[in-house]
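Visitor: So you can see what is in the structure, the chains are spelled out below.
There are 2 protein chains.
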Amino acid sequence: MTDPVYSYQSLHQFAHSIFTRIGCSTEEATLATDVLLRADLRGIDSHGIARLSGYVRLWEKGRVNCAPRISVVHETPSTAVVDGDKGLGLVVAPKAMEIAISKARLVGTGWVSVKNSNHFGIAGYHAMMALPHDMIGIAMTNASPLVAPTFSIERLLGTNPIAVAIPANEQPPFVADFATTTAANGKLEILQRKNQLAPLGWVQTSSGEPTTNPNETRQGGALIPLGSDREHGSHKGFCLGAWVDIFSAVLSGANYGPWVPPFVAFLEPPNDPVGEGIGHFFGAMRVDAFRPAVEFKNHMDNWIRRFRSAATVDGQDSVIIPGDPERTLHAQRVEEGIPLNQKVVDDLEDLGKRLQIPFSQA
Amino acid sequence: MTDPVYSYQSLHQFAHSIFTRIGCSTEEATLATDVLLRADLRGIDSHGIARLSGYVRLWEKGRVNCAPRISVVHETPSTAVVDGDKGLGLVVAPKAMEIAISKARLVGTGWVSVKNSNHFGIAGYHAMMALPHDMIGIAMTNASPLVAPTFSIERLLGTNPIAVAIPANEQPPFVADFATTTAANGKLEILQRKNQLAPLGWVQTSSGEPTTNPNETRQGGALIPLGSDREHGSHKGFCLGAWVDIFSAVLSGANYGPWVPPFVAFLEPPNDPVGEGIGHFFGAMRVDAFRPAVEFKNHMDNWIRRFRSAATVDGQDSVIIPGDPERTLHAQRVEEGIPLNQKVVDDLEDLGKRLQIPFSQA
Numbered sequence: 576m577t578d579p580v581y582s583y584q585s586l587h588q589f590a591h592s593i594f595t596r597i598g599c600s601t602e603e604a605t606l607a608t609d610v611l612l613r614a615d616l617r618g619i620d621s622h623g624i625a626r627l628s629g630y631v632r633l634w635e636k637g638r639v640n641c642a643p644r645i646s647v648v649h650e651t652p653s654t655a656v657v658d659g660d661k662g663l664g665l666v667v668a669p670k671a672m673e674i675a676i677s678k679a680r681l682v683g684t685g686w687v688s689v690k691n692s693n694h695f696g697i698a699g700y701h702a703m704m705a706l707p708h709d710m711i712g713i714a715m716t717n718a719s720p721l722v723a724p725t726f727s728i729e730r731l732l733g734t735n736p737i738a739v740a741i742p743a744n745e746q747p748p749f750v751a752d753f754a755t756t757t758a759a760n761g762k763l764e765i766l767q768r769k770n771q772l773a774p775l776g777w778v779q780t781s782s783g784e785p786t787t788n789p790n791e792t793r794q795g796g797a798l799i800p801l802g803s804d805r806e807h808g809s810h811k812g813f814c815l816g817a818w819v820d821i822f823s824a825v826l827s828g829a830n831y832g833p834w835v836p837p838f839v840a841f842l843e844p845p846n847d848p849v850g851e852g853i854g855h856f857f858g859a860m861r862v863d864a865f866r867p868a869v870e871f872k873n874h875m876d877n878w879i880r881r882f883r884s885a886a887t888v889d890g891q892d893s894v895i896i897p898g899d900p901e902r903t904l905h906a907q908r909v910e911e912g913i914p915l916n917q918k919v920v921d922d923l924e925d926l927g928k929r930l931q932i933p934f935s936q937a
Numbered sequence: 576m577t578d579p580v581y582s583y584q585s586l587h588q589f590a591h592s593i594f595t596r597i598g599c600s601t602e603e604a605t606l607a608t609d610v611l612l613r614a615d616l617r618g619i620d621s622h623g624i625a626r627l628s629g630y631v632r633l634w635e636k637g638r639v640n641c642a643p644r645i646s647v648v649h650e651t652p653s654t655a656v657v658d659g660d661k662g663l664g665l666v667v668a669p670k671a672m673e674i675a676i677s678k679a680r681l682v683g684t685g686w687v688s689v690k691n692s693n694h695f696g697i698a699g700y701h702a703m704m705a706l707p708h709d710m711i712g713i714a715m716t717n718a719s720p721l722v723a724p725t726f727s728i729e730r731l732l733g734t735n736p737i738a739v740a741i742p743a744n745e746q747p748p749f750v751a752d753f754a755t756t757t758a759a760n761g762k763l764e765i766l767q768r769k770n771q772l773a774p775l776g777w778v779q780t781s782s783g784e785p786t787t788n789p790n791e792t793r794q795g796g797a798l799i800p801l802g803s804d805r806e807h808g809s810h811k812g813f814c815l816g817a818w819v820d821i822f823s824a825v826l827s828g829a830n831y832g833p834w835v836p837p838f839v840a841f842l843e844p845p846n847d848p849v850g851e852g853i854g855h856f857f858g859a860m861r862v863d864a865f866r867p868a869v870e871f872k873n874h875m876d877n878w879i880r881r882f883r884s885a886a887t888v889d890g891q892d893s894v895i896i897p898g899d900p901e902r903t904l905h906a907q908r909v910e911e912g913i914p915l916n917q918k919v920v921d922d923l924e925d926l927g928k929r930l931q932i933p934f935s936q937a
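So the protein lines, in turn, are chains A and B.
Here my numbering is used: the first residue of the first sequence is 576, the next is one more, and so on.
Here my numbering is used: the first residue of the second sequence is 576, the next is one more, and so on.
Treat the hints with caution; some may be incorrect.
A pair counts as met if it fits within one copy or between any two copies, since identical chains are not told apart.
Stated by the list, open to error - With a straight-line cut-off of 30 Å between C-alpha atoms, the simulated DSS-like cross-links for lysine-lysine are:
| no. | residue 1 | residue 2 |
| --- | --- | --- |
| 1 | Lys-661 | Lys-872 |
| 2 | Lys-872 | Lys-670 |
| 3 | Lys-661 | Lys-918 |
| 4 | Lys-769 | Lys-928 |
| 5 | Lys-762 | Lys-918 |
In short, the hints are calculated from the structure, not lab data.
This is chain A alone, in the form it adopts within the complex:
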């Protein structure tokens, strides 16, 4: 049985109506929907419309403010701290990235740390906002604790993704966007749904033993930092996740580490917060703050061509340039629609009934 397919337009209309219904202005509902659905277009299905009802449940609990006053609480020529006022990360994040871009326009680079926000969709969206300005974009966020540092059995970090978007000229841009764990939680959720085993190195049990059971994270187990184990560099993955956590939250005044509030509404945030909401970090660097943009972009073309044409191991067509698979899928799904898992469809139908906005296949 294949998954039912929905047009981008129909999903956009539905999500937009939902965001409007829970109090977003038309402009902010459009922005939130654009960010959310970019995940579906790029094939990061776990972060797209599948999360819509999750955002609504957070709103129902009073943990999301759909009419936030997003403000700069501190700044220098190249930096700012933004208070998201409990807004949707889907709205707070692109607004914060705009500030980074404005600062880069004036002084070469802009760096914005954000507190008091919520989950922001895919990091890649925000990093890619820099590209039309001939800037390099960087985006990171902390997230609900699911990951145990090397040698630990406690879940102290989120999957804390990093995205870096770099413009080229004739070639499409370089867009890396990855969780700092061996595997993103979304990949684990797919295995859970399909009742399949995980490769060793993705998950550990509550006592820190390696396991292939993708459901261990629901029984006190944890995801593992990129590297899988100490011998293969999991301490480096831990460093990356820690870096993201500190830049996103210790710099801004958000919650960090195990204090990050959970995305799921049925879990309460810790009652001893060390900051406000969750944190993000954004950077924008004008390419011509370093060398003429056309020179840089021509060399990026050369870089990308050289790596794409590298000799491969048997059975592989080419080295994958970061961003290539997502861009291909994006183009395809805009044309052919977005397949949704039946559980997601059921969830959206329920949500639609609850908020009296019918969800139907277009």
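Please arrange chain B on chain A, whose structure you already have, making use of the hints.
Guide: Chain B in isolation, oriented as in the chain A frame:
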């Protein structure tokens, strides 16, 4: 047989004399020696005095200029591109980091990309220069191609390390410093010397097969990006290495990817360079460009204490905070001296004879 031990002072004096002999000013010889030996103090033996004769051989080939005119060739309030004039990376890098720090003082952050340089010792040294200024420091460099991107059999990237140094208050600083490969080349060299096997996931053969033979890199094999294989996220390690390469070299105008000139003098640089020398990238961010420094540092203390005291898997004392092992070793080696492998001692004795500066145990 235990390795002979040398005092820090005696090694410093020897290296300083060598750098002076090949044309460094007293000031620059001191700087180069400080940077070089910091690697030995912190236990990254592969990047310390073991490399001294390598730098001299590059100088003998005319590939290192010991009286460089290091200059800023382009800048904005928060950025600069530095031309290292073929200088020792050990000298060019800290001078470039000083520029990043000066810019951060004025506009909150400073970002410097460097071309026309050489290998710069350990990234951690340069990142840590930010700490006394209550700044966060970042340092990266590209390096001789040794690493195959995921799915490739070609060596297109160096081990491209990243260092991030973050100040705390009562706690020692957070200092991450790691190669973006599963294992640093230095670790492989140790196995080669001891004739021991490497864990699977560190090295691949010339046809891209997994291997435990640490000598495969001398037979067309390659190091593997952090993650070890596609299933365990090696494409993320590739993204990291690519990021370092692009920030260090495509931004500055240095050589990138397979065009990076080799560190070893017996291999000639590619005859179709795409830039000048090798590249580095440095960042400095004033903590109080985001929030009051004391507030930030107290939260860093809290972060560090919480992670250090996390519950551990059986047999482990604690989660290792990045920078802890290196700092402990540093304190110990300043007191007790630095053990050198006999091959390194022989090499330094040869070097001393050649340049008429006796190398002797203190």
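Visitor: If a hint holds in the structure, say so; if it does not, say that too.
Guide: Hints, one by one, checked against the model:
| no. | hint | result |
| --- | --- | --- |
| 1 | Lys-661 - Lys-872 | between (38 Å within a copy, 25 Å between copies) |
| 2 | Lys-872 - Lys-670 | both (26 Å within a copy, 27 Å between copies) |
| 3 | Lys-661 - Lys-918 | within (29 Å within a copy, 60 Å between copies) |
| 4 | Lys-769 - Lys-928 | within (27 Å within a copy, 68 Å between copies) |
| 5 | Lys-762 - Lys-918 | within (16 Å within a copy, 48 Å between copies) |
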